[in-house]
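Below are the chains, spelled out letter by letter.
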Amino acid sequence: MATTASMPTERESRQHGRFSLSNGAYRVILTVGAAIFVALALWFLYAIVSQARPIFDQLGVGWVFGKVWNPNHNQFGLLPFILGTIETTAIALVLAVPIGLGTALALAYLVPPRVKATLGGAVELLAAVPSVVYGLFGLVALAPIWRAHVEPFLTSVFGWTHLFSGPNDGVGLLLAGTVLFIMILPTVVAISRDVLAVVPREQVEGAMALGATRWQVLRKVVLPDARTGLLGAFTLATGRALGETVAVALLIGNSDYIAHSLKSPAATIPSLIVNNFGEASGTELAALFGAGLVLLVIGVGVNAIARVLVRGKTGAAGGAASVAVA
Amino acid sequence: MTTDSFTPADIEDDVNLSTGEVFPDRSVGHPVMQLKDVAVSFAGRTAVRNVSFDVRDRQITALIGPSGSGKTTLLRALNRMHDTVRTAKVTGQVLLGDTDVYAPSTDPTLLRSRVGMVFQRPNPFPTMSIYENTVAGLRFNGVRKKSLLDEAAESSLVAAALWDSVKDRQKAHASTLSGGEQQRLCIARALAVEPEVLLMDEPTSALDPIATKRIEELIGELKNRVTIIIVTHNMQQAMRVSDQCAFLLMGEDKAGELIEFDATAKLFSEPDDARTLDYVNGRFG
Amino acid sequence: MTTLTFDASTDPILERRRQIQGIARASVSRRKTYSKIALGICWATLVIALIPLVAIIVYTVVKGIAAWNWTFFSQPTKPEGIPGGGIWNALVGTVIIGAVATIVTIPLGLLGGLYLAESDGRIAAAVRFTADLMTGVPSILMGIFGYIALVKVFGYSGLVGAFAIGMIMLPIIMRACETAIRGVPGHLNEAGLALGARRFTIARRVIVPAALPGILTGGLLAIARGVGETAPLLFTIFGTLYTQWNPTKVMNALPLVIFNDSSSPYPDQLQIAWGAALLLMVMVLVLSIGSRLLAAHLQKERR
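Chains as they are written, first to last, in the working numbering: chain A, 1 to 326; chain B, 1 to 285; chain C, 1 to 303.
One should not assume that every hint holds.
Simulated restraints, written as ranges between beta carbons of each label pair [stated by the list, open to error]:
hint, chain 1, residue 1, chain 2, residue 2, range
1, B, Leu277, C, Trp43, 52 to 58 Å
2, A, Leu42, C, Asn69, 44 to 50 Å
3, C, Gly81, A, Gly121, 38 to 44 Å
DSS-like cross-link-like pairs, simulated, lysine-lysine; straight-line CA separation at most 25 Å [claimed, not checked]:
hint, chain 1, residue 1, chain 2, residue 2
4, B, Lys171, B, Lys146
5, C, Lys300, C, Lys152
6, B, Lys167, B, Lys145
7, B, Lys89, C, Lys300
8, B, Lys145, A, Lys220
9, A, Lys220, B, Lys167
10, B, Lys146, C, Lys152
11, B, Lys254, B, Lys223
12, A, Lys220, C, Lys36
13, C, Lys78, C, Lys63
14, A, Lys116, B, Lys89
15, C, Lys78, C, Lys249
16, B, Lys213, B, Lys266
17, C, Lys63, B, Lys145
18, B, Lys171, B, Lys223
19, C, Lys32, A, Lys220
20, A, Lys116, C, Lys36
21, B, Lys89, B, Lys36
22, B, Lys171, A, Lys220
23, B, Lys223, B, Lys36
24, B, Lys36, B, Lys266
25, B, Lys145, B, Lys171
26, B, Lys213, B, Lys223
27, A, Lys116, C, Lys300
28, A, Lys220, B, Lys146
29, B, Lys89, C, Lys36
30, B, Lys167, B, Lys89
31, B, Lys254, B, Lys36
32, A, Lys220, A, Lys116
33, B, Lys213, B, Lys254
In short, the hints are calculated from the structure, not lab data. Because the structure is a prediction, the values reported are computed rather than measured. Glycine included, every Cβ here is placed at the ideal spot set by N, Cα and C.
Could you build all of it, start to finish, from the sequences and the hints given here?
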């Protein structure tokens, strides 16, 4: 650790020719660094907005909610893709919230200390697996299982809800949503566990001392205390799910129409861009940028809300998990 | 204390699980808690040992001694708070009435409804209102009837000298109370379950002198309702408040042990052990 | 011991105690069962959560190892349907693009992080907020930004891909640096000031070394993230069959290979996709685990 005894004086620095900066110059360099970042961010925003501008000039704002996407007929409705984005994210959340929360509770309060560190570390590492690998896994390993087993099973059990009409393709909303769930699970677990673990020990002991069972302690004291932070964890995971591109593009079947059932192929805004950007030009290109703008607003908005919720509960932005996963 | 009058308040009950009968159990001065050669160790390292004494019914027993002597560790052994610490081991015998606290057949959850605890720093549940905090223990133990909850809440808030200030704002959050009030809320919360014994772990050390004084008065008043065992590092507090004292001291091997147990008056004026004399005369702290 | 009968109803406290104890005892087994079930469900969710996560790792390892041979590592990618391809060009691309992105974003991120850690005004708050917002931008948008900003002007190249990836890494590194630097105890800074040292010197000799574990962790995690991203590369580096070492030209990269080959009907291509997936996963995990070990090691040395 650097000690004060090794601090060179100013004269020493100059004598030995060591590089140093005056306080003013130092400050300028730092500010320039930050300014470069801000400039890049603004450039990014400007680029997206200005590229999207033509479509808004032409079609106003209503096109965002249009139902048909058909560039050949100059129709650019975004609704199928907005719905697809929401639907895949919803499936992922419906699975991730209970399973992630239960896992986080187990990791924070039930698992013995030695195992806790290993398992917790393992979960955080899994957050780093690249999304394209999830896509490959989903496409090659899971899609056949979905087609042959999962979808028929669900259709037979839940067909009456009209959510499971149509052929069993394997790819589609259900598969994409499920793989998305696997992808956001580490995020949910890691942050939830952090939030649950910082509930003050004295609260837990106070409840125990009154004669509460372990579950009563968790349910009546720990969970309410962690409410806000947990909401932040779920929101952060939602943000990640909304922006997920590659895995979803591989698994969602890519149809430009609004899905009728959970088994249908569909598309999300990211998958729309991925599939069409390469050959788009003119108005279609502007429409894709417009779609990107919509995605930006949604994704960034959700992420901002999440950070506010998580920061309050665990201090430094929820630890490494949320830094790398964003 | 040593009277022979048999008023109903002197009788302890025990409920027969299968028949639901109530039969009276004790008379005045019968030990409500007995410690026999109790020792607590963590991962093989002894924290406190050789503790034997009886806690008389409706008396205030203080555990005193310098820091590190194991007072809090001992206190927490009495309501099995060490159960959640995997490396903890409690030996010896702790009897609550006729119940062996550490017998396998004794349920810790039920035990803690009979032996309550107040902690050093006030710990009301922040997401609950004052009322909800007060009845939290009752709810944990399965009590649902509103009339019983209300009755117990009022009784314990009165006993904690908090009723007048909060009776009109019981729905307010516990965090709106001052530190001293929060601690009294915690006391009320512990009392609402009507425990037989109340353990207090340095309940005033986090409070200012005025709040401390009020709580000490409170403790004196609570004597007739519950048996109190209080850990304190403040000798004057022990003198003011307690009937009996247990003096613990950390030995050479860093393990605390019971040096002397006696009536407070005697312990502070003519203790048997030289080390006790040194401590109460402030020769080490 | 004298036993007495008495009229319990004369003492409300005792009466209440009896009632409460009665209710407590009667309900205890129900409460404990309920607790056991609820906790059991939590354990079950833990197992459920681990299954897919373990499955993915095992599957990728099994399938990917089968692809790992000398050809795989030494040959560049071949067109679909032609056997004998490998990922050498993609590996070169990933490493070079990653290196370029890292070389630019780490220093810039450190400067930004220092700025944020040392400033508290409204402007700094706005910058911090911007950084937080930028970490939430979907990566596909960085890809199309790179396209419109640079490809239109300079054409497809590895540099544009590095730019897009760098845009993703930069805010992460900035915030990680800020957190690490803010974590350094204030008295170190004060001691330096008291000696009359300049802020730059203090930063260079005291603060940054002290914050190094956090900075390295954040940096390595950001690199792991950047290297694994696919979407920013889709419209920026174009892909190629050649092994290209020059980042100013079009390049290939591992995520791109996986993405393109995963829907291929040719089993050769599919196997290469698995091999590439395993390779990428290993690289990312090595960086992530490495960052943790490094941080722990440095922390230990400082004690």
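Here is how each hint holds up against the structure:
1. B:Leu277 / C:Trp43: 52 to 58 Å: holds (55 Å)
2. A:Leu42 / C:Asn69: 44 to 50 Å: holds (48 Å)
3. C:Gly81 / A:Gly121: 38 to 44 Å: Cβ of Gly81 (chain C) to Cβ of Gly121 (chain A): about 43 Å, so the range 38 to 44 Å holds.
4. B:Lys171 / B:Lys146: Roughly 15 Å between the alpha carbons, so the hint for Lys171 (chain B) and Lys146 (chain B) holds.
5. C:Lys300 / C:Lys152: Cα-Cα ~50 Å, so violated.
6. B:Lys167 / B:Lys145: Within the cut-off at roughly 20 Å; holds.
7. B:Lys89 / C:Lys300: violated (31 Å)
8. B:Lys145 / A:Lys220: It holds: about 19 Å lies between the C-alpha atoms, which stays within 25 Å.
9. A:Lys220 / B:Lys167: Holds - the C-alpha atoms of Lys167 (chain B) and Lys220 (chain A) are around 24 Å apart, at most 25 Å.
10. B:Lys146 / C:Lys152: violated (73 Å)
11. B:Lys254 / B:Lys223: violated (34 Å)
12. A:Lys220 / C:Lys36: holds (16 Å)
13. C:Lys78 / C:Lys63: The given pair, whose Cα atoms are some 20 Å apart, holds under the 25 Å limit.
14. A:Lys116 / B:Lys89: holds (22 Å)
15. C:Lys78 / C:Lys249: holds (19 Å)
16. B:Lys213 / B:Lys266: Holds: Lys213 (chain B) and Lys266 (chain B) sit about 24 Å apart, inside 25 Å.
17. C:Lys63 / B:Lys145: violated (62 Å)
18. B:Lys171 / B:Lys223: violated (29 Å)
19. C:Lys32 / A:Lys220: holds (15 Å)
20. A:Lys116 / C:Lys36: holds (20 Å)
21. B:Lys89 / B:Lys36: The hint holds at about 15 Å.
22. B:Lys171 / A:Lys220: Holds. Lys171 (chain B) to Lys220 (chain A) sits at ~17 Å (cutoff 25 Å).
23. B:Lys223 / B:Lys36: holds (24 Å)
24. B:Lys36 / B:Lys266: Answer holds: Lys36 (chain B) to Lys266 (chain B) is near 22 Å, not above 25 Å.
25. B:Lys145 / B:Lys171: Given pair Lys145 (chain B), Lys171 (chain B) holds - Cα atoms ~18 Å apart, limit 25 Å.
26. B:Lys213 / B:Lys223: holds (16 Å)
27. A:Lys116 / C:Lys300: Holds. Lys116 (chain A) to Lys300 (chain C) sits at ~21 Å (cutoff 25 Å).
28. A:Lys220 / B:Lys146: Within the cut-off at roughly 19 Å; holds.
29. B:Lys89 / C:Lys36: Holds, at about 24 Å.
30. B:Lys167 / B:Lys89: violated (43 Å)
31. B:Lys254 / B:Lys36: Roughly 21 Å between the alpha carbons, so the hint for Lys254 (chain B) and Lys36 (chain B) holds.
32. A:Lys220 / A:Lys116: holds (23 Å)
33. B:Lys213 / B:Lys254: violated (33 Å)
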